[in-house]
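Residue numbers (this note's numbering), protein chains in the order written: chain A, 1 to 307; chain B, 308 to 851; chain C, 852 to 1186.
Keep in mind that the hints are not guaranteed to be accurate.
Stated by the list, open to error - Pulled a few chain A residues facing chain C out of the computed Cβ check, cut under 10 angstroms:
hint	residue
1	149
2	237
3	283
Worth flagging that the hints you see were computed from the coordinates, not collected in a lab.
Even glycine gets a Cβ: it sits at the ideal position worked out from N, Cα and C.
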Amino acid sequence: MTLGVTKKEKIDALAENVGVSLAASAWKRLRRSPVFLIGATIIGIFVVLSLLSPWLAPHDPADPMLIKQVVKARNEIPPPQPGHPLGGDLQGRDFLSRMLVGSQQTLIVGVGATLIGLTGGLILGTLAGAIGGWVDSVVMRFVDVMLSLPALLLAFSIAAMFAHPSQFSVILAISIVQIPVFARLLRGSMLAQRASDHVLAATALGVKRGSIVFRHMLPNSLGPVIVQSTLVLATAIIEAAALSFLGLGNPDDRIPEWGQMLGDVQKVFDTHPHLAAYPAICIIIVALGFTLMGETLREALDPKNRR
Amino acid sequence: MTGAAALALSACAQSERGTDSGSGKVGGTFTFGAAGAPKLFDPFYATDGETFRVSRQMYEGLVGFKPGTAEVEPALATKWESSSDGKTWTFTLKEGVKFHDDTPFNAEAVCFNFERWYNQKGPAQSDAVSQYWLDNFGGFKDTPDKPSLYKSCSAKDAKTAVIELSSSTSQFPSVLGFTSFSISSPEALKKYDADNVVQAGDAFTYPAYANEHPTGTGPFKFGKFDKANNVVELVRNENYHGEKAKLDKVVFRIIPDETARKQALEAGDIDGYDLPNAADWAGLKDKGFNVAIRPAFNVLYFGINQKNNPKLQDLKVRQALMYAINREQLVKSQLPEGAKVATQFMPEAVNGYNKDIKEVKYDLDKAKSLLAEAGASDLKLKFYWPTEVTRPYMPSPKDIYGAIAGDLQKAGIQIETVSKPWNGGYLTDVDQGIPDVFLLGWTGDNGTAHNWIGTFFGRPDNRFNTGASPWGKALAEELAKANSEPDEAKRTKMYEDLNKKIMEEYLPAVPVSHSPPALVLKKDIKGITPSPLTDEKFGGASKG
Amino acid sequence: MLRYTIRRLIQLVGVVLVLSLLLFAWLRALPGGPVSALLGERATPESRAALTKQLGLDQPIIVQYFKFLGRAASGDFGVSNGVQPGDSAMEIFLQRFPATIELSFSALLIAIALGIPLGYLAAKRRGSWFDNMSVIGSLIGVAIPVFFLAYVLKDNFSHLLGLPSIGRQNGDIGATRVTGFFVLDGLLTREFDASWDALKHLILPAMALATIPFAVIFRITRAAVLEVLDEDFVRTAESKGLTAPVIRRRHVLRNAMLPVVTTIGLQTGALLSGAVLTEKVFAFPGVGEALALGFERRDYPVLLLLLIMAAIVYVLVNLLVDLSYALIDPRIRTR
């Protein structure tokens, strides 16, 4: 059973781009690519900021310290003031602190979702690609079912099915959607290698299958996986915001996350636009950073571009 | 209760108002932005506000509510009398009333409706279908294990209907003012197979009467339900027995998103909508809209369940929670204009409200010392709050939760937070007693105390699990006794005492606030009185 | 070719059945659901239990699933209890699907009209300032959360451009319904004002929805044109002395079209997902809004049917793309 030749091709084409020698030349070209450098700089700043944010944040992001300035009846929230340069949010919490700490949670969502998706895909893809036969059939049928729903819709559905939504359910919903993509990627890459000279040679020499898979086939598949992971980091952050917007995100906002901050303020988009604009702009910049890195990586690793 | 006294009261009250009717332009279409589509149009099977709102314009009951209050006033019955034991009620009906299908309204039609309700069969007996009957009248004719309050109805003559009850209740006759118990045309009920409710899979489907042919006596008739455009249209009843409606048409346009409703109003697409976000009231007023604030006829409470945490069975711990929550600050910062701290589980307009109960002020030290006395300084609570919902008493659950949780933590109470979607597990879990503390509330159906504290604590196995305390059962019995007391003065006194006892001796939960919901209208819409029961009738409304 | 098509269709049925079983089982295993939706906050433990039994929700899930399949075979997918309470799920789908098609189609048109020419120009001027800016611009399009962009458009541009910000058509127009496609209906019945009004309602949501397909179409066009420009036959053409416009017309664009067509087909998924967010913001009564409301109000019958239909549409479009691909490029068929 196959699902869209073309959709798979897109993934498989990426999977064929293997080769260790590629890495060195790719790195050479990346260092000279301004687009890649812009992306890497954005992400570098973002990662440093999120790691340091607990120390940088002037206040506890969960403390409603400015609650007395919140008056729902007049739609008033704490304005910027000494000690609180961005003012407060709807519950009177320091907005700057929430933005800063939010970066950390955003990184956790992105990295968490990517890692889980990658691990799931790694297991399924390796099983299918390395063993083949009926295992391959079963895994690929499963992947087909998951690919039969548009990715974001599948993420919405998975998130809606958690009886007890939380940060973890958000991460899981986003990551499960990525499993079939990673699985396909790895399987394609492994199938390509199974027929390649060095694997055939190793098999002829009597090297064990496990050893071939882990010492030769997996490392050679890493390039496309890294590209895909970088791109998933961007989509994960955007999807987390979409989940919150639909009321499927993490309802507990004591520890903030940008997507959640953006998705939760839809009722005041028109009256307090800054509550939405700050997290939105941060999300756009970070997602752009990851995408720039991913796209340039993809181009650099593409053998067709080695000219 | 003496019907004459009640009648005199309401007649007198009626002559006082009515200043805003009579003027106003005739003609025009009033477009109202509804948050959801009506489920059906037969009020008897209705259970939700959006459905009631539409039915209310087409139907009338034997009694109604005085606009802007929860007081009973005559509607299709001009007066009524009860026997001294409160079991026999004689209604004198208005004459010359016709249903929309031109058939006459009379005592026989009244009895036909009561018998129809009492004789529901099969799937129609489900709680999901005949919820209001089950809640207020109990069982049906063929459910002997589930007794019914209703016994019989007889037509003494064309304009006199006598209704026999199996016991006396404070709910009667105000319960007949619920839109659910509106009188339908017997001919139309028969012709369109009104009782033929079918269970299909995990849902119910309703007959033609409920979907396409609702036939009442009200100032508006059913026009059409254009589903592709999400619009319900009602047209003026030219043969109305009272003062004819001024509007040609009432249109309900369904706009599920709240922000979208606001923008539709601002763009002039609709003339008004219900439950504007409290934060928008000021802005809407500034833009020249009329924010009609309803009297706060609801209560938000901080629920306490004694089942899983034995420490919560200690009155001192429950009192500590009351002192620890800064209700005043909560009302000020999170609730709309006109909201009040609740001193008891019902607002002032309810019969039996006790004025002497003092407002308990926020007192952190007292909370801490009470906890220490009870040996519960290390109290740990599982705190539930709902997502994906707003209620008139709870405009933004998340913000209310945030404020209360902050207060409790200041008192040294540890909190384990659980949030679930309202329809996706929250209500189920609260009903099953899984949380220790939770947020919930109530919007009143009528002005009897039974509809409030009777609903909350009328059974020992309630949401608070009061049965776990020795007084739980006693409270339930006392409530039942008060409800069946036929003498109104005595009954009111009993409820006042009970309110005091509940707050001072029992404290099964902490009443937090009463917040007024609002309705927003364009300035040129006149003659709509905001009602505590959301019982706004558009019959007297005009545009321009 | 025919055999291939039939085989793929059979596979489609299999995938949809498995998907529906998974969705069904998962939805049923959850608390709340139909019982909570029907009873609301007035429920008592007894009424809950009674209704659960009455609706057959206490039976094993596999039994419930087969009953559901039985009813589904006769077109009965259950009744909404949240989105449009009382309406059958199928009715809701049929009513709203044309709206979503109209919206997606408009978005795709915008994306194509901008994406292909820009992609072509960027490729021709590879490495130029224009190329770099348009690449980054398209990536920003991907990085913006769709619903945020939708709000920005709605709050800032509807007044500015005099465009309606919510809904699908002004109710007062009283248009006649023929096909359910409002723009088309107006043309058929010669109620041109209705068409124009429906079209105006489409502009802002379609612009928001167009960002993702635009970015993808732009990048694919650019990449495809770059690749084709390098290929031997273009070089041959050049060496044969053909002029630039001729090369462009004859070879480059046609050969570059293949991946572009594919991508347009693949964007169905992004459009369906994006419609959920965009339609919610613009209160646009399509399938997406119903899905958003269904998630919010936990309307399981509607969610189940709409998700299954989304999967069918998605897989069918992919099948069509594959088939057209095979028609255009004979090499595929031999595989």
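Evaluation of the provided hints:
Evaluation of the residue 149 of chain A hint against chain C yields a held restraint, the C-beta minimum of about 5 angstroms falling below 10 angstroms. Given hint, residue 237 of chain A at the interface with chain C, holds; its Cβ is 9 angstroms from that chain's nearest Cβ, closer than 10 angstroms. With a least beta-carbon distance of about 6 angstroms to chain C, the hint placing residue 283 of chain A at the interface is held under the 10 angstroms criterion.
The structure meets every hint from the earlier list without exception.
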